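S.K.: Model the full structure from these sequences, guided by the hints.
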Amino acid sequence: MKEQTLILNSLPIDPLTGSISTPIYQTSTFVQDAPGVHKGFDYSRSNNPTRKVLEDCIAKLENGHAGFAFASGLAAIDAVVKLLEAGDEIIAVDDIYGGAFRLFTHVYQKFGIKINYVDSTNAQNVADAVTDKTKLIWIESPTNPTLKVSDIRTIAKTARQHNILLCVDNTFASPVSQKPIDFGADIIIHSATKYIAGHSDLIAGLVVTSTPELSEKIKFIQNASGAILGPFDSWLVIRGIETLSLRVKQHAENAQKIAEYLLEEKLVKNVYYPGLPSHHNHEIAKSQQKYFGGVIAFDLVIDDKELASQIVSGTKLFKLAESLGGVKSLCCLPCEMTHKSIPAEKRYGSGVTDSLIRLSVGLEDADDLIADLKHAIEAAVKANADKTAVTA
1 MKEQTLILNS LPIDPLTGSI STPIYQTSTF VQDAPGVHKG FDYSRSNNPT RKVLEDCIAK
61 LENGHAGFAF ASGLAAIDAV VKLLEAGDEI IAVDDIYGGA FRLFTHVYQK FGIKINYVDS
121 TNAQNVADAV TDKTKLIWIE SPTNPTLKVS DIRTIAKTAR QHNILLCVDN TFASPVSQKP
181 IDFGADIIIH SATKYIAGHS DLIAGLVVTS TPELSEKIKF IQNASGAILG PFDSWLVIRG
241 IETLSLRVKQ HAENAQKIAE YLLEEKLVKN VYYPGLPSHH NHEIAKSQQK YFGGVIAFDL
301 VIDDKELASQ IVSGTKLFKL AESLGGVKSL CCLPCEMTHK SIPAEKRYGS GVTDSLIRLS
361 VGLEDADDLI ADLKHAIEAA VKANADKTAV TA
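At the far end of the sequence shown sits residue 392, using this note's numbering, and the numbering has no gaps.
In short, the hints are calculated from the structure, not lab data. In this text the structure is predicted, and so the values were computed from the model without any measurement. Take these hints with a grain of salt, some might be off.
No more than 30 Å apart at the CA atoms, straight line, and that leaves these computed lysine-lysine pairs for DSSO-like [claimed, not checked]:
1. K290 to K374
2. K157 to K135
3. K114 to K157
4. K217 to K257
5. K387 to K319
6. K157 to K82
7. K257 to K286
8. K346 to K387
9. K266 to K305
10. K257 to K305
11. K387 to K257
12. K2 to K328
13. K340 to K387
14. K346 to K157
15. K217 to K249
16. K387 to K305
17. K340 to K110
18. K133 to K346
19. K219 to K52
20. K133 to K114
21. K110 to K60
22. K290 to K269
23. K305 to K346
24. K316 to K382
25. K257 to K382
26. K266 to K319
27. K157 to K2
28. K340 to K374
29. K60 to K114
30. K249 to K2
31. K114 to K219
32. K340 to K82
33. K60 to K82
34. K133 to K110
35. K110 to K217
36. K257 to K328
37. K257 to K269
38. K82 to K133
M.R.: Below is the structure:
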């Protein structure tokens, strides 16, 4: 069964009414026939019919055992880290999402969990970082914002050899492009805020587990901690999933054209996009991903924060905002926005320079988006003639 057919047939017709759209069960509790005797639902923190449709759907799309929906991507990340104990260690990708870095470093380190950051684009770096206390390997592939790609299969082999859990943040790829459990991952994370929901109208997170044992543990944490996704937002995510494969395909087609254009811009130094042959792990991306995604990052030959700020402030179609994965194109300056909480030395070490710009390419016409970028870059060059003379 093809992906789009699978998606639409993973969303059941309501058995009570025949509704083709999943009903929103906007209720806190459920009437029981007798004490402890009910129809599978007793309290909406523990389980809700609308949320269950979403959770079952994402598990099926990721070829996992079970899915769990949380109030945000960070709540989903938090649930996974709660599998660990004081004294455990995490090996994490160095180019990590700023929110995950903040959670790992400023919350969990003080509870005795140590985080070792490595460049996971070389799988050997991960293997070399393993200690007898390592209990979790945490990678994003592609990463945010420099689009680093890790060899999930090879890293999964290392994890299995040492009885370590491997968690893959699959937000940038989505399950229609990449299925990490098929490559050996134990847990998958999604910020469903992004491509899964796809319309920039909600905050949500998803966890997918590969085994009944992990499913039982995450379910306990979800219920015990209570950071669940409400029924209305669950319904919005379900609605977004219905067009997921169509959107991801178009995002990727647009992004490929824009990345190739940026290669020709004199002011641009590096273009980070897995679909470019010049990308460090382009061949690995080809082996793992059906599509190369809708996010591009690039920096400037003049590493100047003010110059980059003028570019992102000068676009019309690319809206200056955090987040990504929606139908409308967005741009941001990570050093002042998404990655501001990361120390400058560590930020630079992972490639996030002061001039790095991240684009979330939407579903507008690619030629219009290119024209918008070109105009913003030309205007910034003109306004900073003294700085940009080197690019003339």
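S.K.: Given the hinted pair K266 and K319, is their alpha-carbon gap at most 30 Å?
M.R.: 23 Å, holds
S.K.: Decide if the proposed pair is consistent with the structure: K157 and K82, CA atoms, cutoff 30 Å inclusive.
M.R.: 23 Å, holds
S.K.: Is K114 close enough to K219, meaning Cα to Cα at most 30 Å?
M.R.: 25 Å, holds
S.K.: Measure nothing beyond the straight line between the CA atoms of K290 and K374; if it is 30 Å or shorter, mark the hint as holding.
M.R.: Measuring from Cα to Cα gives roughly 29 Å; hence the hint holds.
S.K.: Within a Cα-Cα threshold of 30 Å, do K157 and K2 meet the stated pairing?
M.R.: Within the cut-off at roughly 29 Å; holds.
S.K.: Between the alpha carbons of K217 and K257, is the straight-line distance 30 Å or under?
M.R.: At roughly 43 Å apart (the allowed maximum being 30 Å), K257 and K217 break the hint.
S.K.: Would the hint linking K60 and K82 be met if the CA-CA limit is 30 Å?
M.R.: 24 Å, holds
S.K.: Starting from K340, check that the Cα of K374 is at most 30 Å away, please.
M.R.: 26 Å, holds
S.K.: Between the alpha carbons of K346 and K157, is the straight-line distance 30 Å or under?
M.R.: 28 Å, holds
S.K.: Would the hint linking K110 and K217 be met if the CA-CA limit is 30 Å?
M.R.: 23 Å, holds
S.K.: Is K133 within 30 Å of K346, Cα to Cα?
M.R.: 24 Å, holds
S.K.: Are K266 and K305 close enough, with their CA atoms no more than 30 Å apart?
M.R.: The given pair, whose Cα atoms are some 17 Å apart, holds under the 30 Å limit.
Taken one by one, the earlier hints fail for this structure at numbers 4, 15, 21 and 29, listed in ascending order.
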